[in-house]
Amino acid sequence: MVAFLSPLLRRGGGTSAPGMTLLKLHPTSFSKLSESLDKGSVLISATNGKTTTTRFLSEILNDAGVACVSNTSGANLKSGVATALLTKERHHEMGVLEVDEAALPEIVKENRPRMLILMNLFRDQLDRYGELESIAKRWREMILELHPDTKLLVNADDPILATIGLQRPDSIFFGLGDASSYSRAGLQHASDSSNCPECSAPLSYKHVTLSHMGDWKCENCKLTRPRLDFETSQIQLNGLTGSEFTICGKSGRHEISASMPGLHNVYNALAAFSAASELGIDHESIVSSVRQTVAAFGRTEKVSINDREVHILLAKNPAGANANIDTLLLHSGPLHLCVLLNDRIADGRDVSWIWDVDYERVIERVETLHVGGERSYDLALRFLYGGFEKEKIEVVDSTPKLLDSLMSSTSKNSKIFVLPSYTAMLDFRDELVRRDATHAFWEDGK
Amino acid sequence: MNIYGDRGNISVLTKRLQWRGYSSSVTNVGIGDKFSANDFDLCYLGGGQDKDQNLIAFDLAEKAPAIRSAADDGVAFLWVCGGIQLAGKRYVDASGSELRGVGILDLETIAGTERLIGDIAIKSFLGGKEFTVVGYENHIGQTYLGSDSHPLGKVLHGYGNNSFDQLEGAVQQRVIGTYLHGPLLPKNPDLADLILTWALEHRVSGSVSLEMLEDDFATQAHQRAVSRAGLKR
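Going down the list, the sequences are from chains F and V. Residue numbers for the first sequence, in our numbering: 110 to 555. Residue numbers for the second sequence, in our numbering: 732 to 964.
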């Protein structure tokens with residue numbers, strides 16, 4: 110069956126269908142599929158950074174000679190994970206799989222992973238996931254029942270996740286040790302978990318990195334960020350080109366250079382490094398793979414078209430969009446900004462989250478502004494009330510026209526920054542593919 | 732509390748005043764802060780996660796006398812989402828335990844068994860004018876109006892206060908409670924201006940008539956929401 114399905118999977122980007130069919134026919138087949146990997150699976154879950162971390166880790170493992178099967182296209186519900194496992198070829202030894210936050214508990218139960226990485230929980234798609242608290246509660250219960258052989262890696266900078274990790278004595282914690290040079294004056298507007306997970310008192314922070322993450326402490330019940338097993342220091346963000354930093358772990362200090370920009374990608378690289386280190390991969394090999402890994406489709410992806418550089422930065426929730434705004438601000442030139450918003454199921458039907466993004470921070474820097482997607486006028490209102498000049502807000506609904514307008518309103522060598530919601534990103538990339546500017550997303554990483 | 736882009740409602744209120752040459756100031760009243768009825772012309776409360784909502788319910792109980800006297804005095808109120816529940820007389824959660832509300836709206840809310848989620852459009856007759864109000868709803872509470880509260884509108888598409896009576900929101904004096912977010916006001920400038928008129932009338936103790944603004948983005952966004960809801964108008 111695998112041999113028959115594999116060629117089909119390479120076409121059309123219907124990257125969940127085979128798994129869905131199989132699970133319908135054989136509901137118990139998921140565990141069997143999981144067991145077929147000699148060295149087991151690593152499951153990665155988060156609100157933001159799943160795809161990129163999965164990509165980092167699978168590149169590291171493949172480069173080190175551990176052949177991995179992975180859901181590189183980002184299909185991360187049970188059917189998508191099953192589809193990825195179906196594509197397993199004879200030489201694949203491990204699975205590196207990103208998993209949807211809500212689907213994680215069930216998948217963990219049936220997959221019994223060798224390693225589980227919990228990266229962050231932010232406010233996201235309230236209509237689909239419910240409140241952040243309810244996902245956190247399910248994760249908490251999941252960890253209590255986690256098989257003792259599963260190694261748990263947790264981002265200690267996220268207070269809720271840290272307390273989830275502390276439920277087990279042997280959890281591995283990673284975090285940004287010294288990010289004070291990138292610290293924020295205060296919590297972002299969209300911050301969610303800035304109260305102590307144990308006693309509900311407001312947390313105090315030595316530094317805040319993204320949203321509610323950072324070096325936190327509760328003055329009331331004295332709960333603090335757990336001791337870090339892997340921590341970064343001397344972070345230097347190099348504009349849009351990437352970052353350099355040091356990771357200190359059990360095995361010593363390692364100088365890292367990553368080619369993906371922004372503090373959020375430091376987290377992603379750190380998570381993958383920690384995981385690979387715990388899996389026993391040679392550190393020199395990890396460092397070299399991290400340097401060479403490029404972004405997955407639509408995640409700070411750079412595409413050249415008509416002598417312009419189009420940067421696509423997926424933005425599907427306030428925390429992710431705010432991280433993208435940070436990245437934009439690393440760029441020193443004028444900003445050509447294009448924000449796209451759809452409200453399909455995969456985007457979240459409720460688009461109120463755009464009001465929790467701090468777009469105002471780039472207002473002085475924006476030279477041209479396009480808004481598009483099915484909810485283009487919601488975006489137009491967002492920017493209008495955010496203080497952007499009305500004449501500057503260009504509303505373009507159709508993707509081909511949008512791309513034409515982006516080209517005609519910028520000059521050669523311009524950098525254009527596109528912040529799309531998930532399906533808006535797929536639509537926008539389709540148009541780029543149609544114009545031969547990039548590859549189809551299901552060919553990503555091939 | 733801020734969730735579901737509540738900040739957008741505040742932006743709309745302050746910007747629409749600013750565009751007409753009025754100045755305004757916004758004060759965040761947090762847990763434990765003093766609230767004095769005479770200090771404000773408009774009082775906004777948004778939605779929150781359940782945990783936060785419990786925290787502020789206790790605080791609101793302390794502020795309730797001042798809030799009630801502000802409502803009697805003609806201060807404009809917009810209480811959205813969790814706000815409408817807290818403005819009512821009581822909220823009974825899934826475990827059956829009861830949370831007392833502020834009581835500026837004659838209504839009560841009982842936790843239902845399933846969340847009412849999705850796009851919503853209602854027809855309102857507030858201020859003697861018929862207009863549609865569009866938004867998004869996501870609530871487990873089922874709200875029932877008492878005889879002193881009028882609905883904000885009749886449901887054209889979506890659920891509204893509960894699964895039964897096709898009514899949405901509540902109005903009493905100058906207090907509006909509603910489940911509609913999205914956020915509510917950017918796409919509903921008629922409603923925003925009505926609330927601002929109330930606030931200004933409270934300020935000047937006389938009648939106020941606001942000049943029209945150019946609202947083409949809002950009109951487009953509103954009409955698209957109406958047609959997405961499957962309503963032809």
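No lab work stands behind these hints, which were simulated from the structure alone. This structure is a prediction, so every number in the text was calculated from the model and none was measured. Don't be surprised by glycine CBs; every beta carbon is placed ideally from N, CA and C. Some hints here could point you the wrong way.
[Said to hold, decoys possible] So these bits of chain F aren't anywhere near chain V, every CB distance computed over 12 Å:
#: 1; residue: S309
#: 2; residue: A455
#: 3; residue: I463
#: 4; residue: D545
[Unchecked claim] To give a feel for the contact side, a few chain F residues facing chain V, derived at Cβ under 8 Å:
#: 5; residue: L275
#: 6; residue: Q276
#: 7; residue: D279
#: 8; residue: D487
Verification of the hints:
Its closest Cβ contact with chain V, about 7 Å, brings S309/F to no more than 12 Å, contrary to its assignment away from the interface. Listed as a non-interface residue, A455/F keeps its Cβ farther than 12 Å from every Cβ of chain V; the least gap is roughly 16 Å. Not every Cβ of chain V is farther than 12 Å from the Cβ of I463/F; the closest lies at roughly 7 Å, contradicting the non-interface assignment. For D545/F, the requirement that its beta carbon stay farther than 12 Å from each beta carbon of chain V is met, with the minimum near 33 Å.
Taken as an interface hint, L275/F does not check out: its beta carbon lies about 20 Å from the nearest beta carbon of chain V, beyond 8 Å. With its C-beta approaching chain V no nearer than about 19 Å, Q276/F sits outside the 8 Å limit, and its interface hint is violated. Evaluation of the D279/F hint against chain V yields a violated restraint, the C-beta minimum of about 30 Å exceeding 8 Å. Hint status for D487/F: holds, given a least beta-carbon distance of 5 Å to chain V, under 8 Å.
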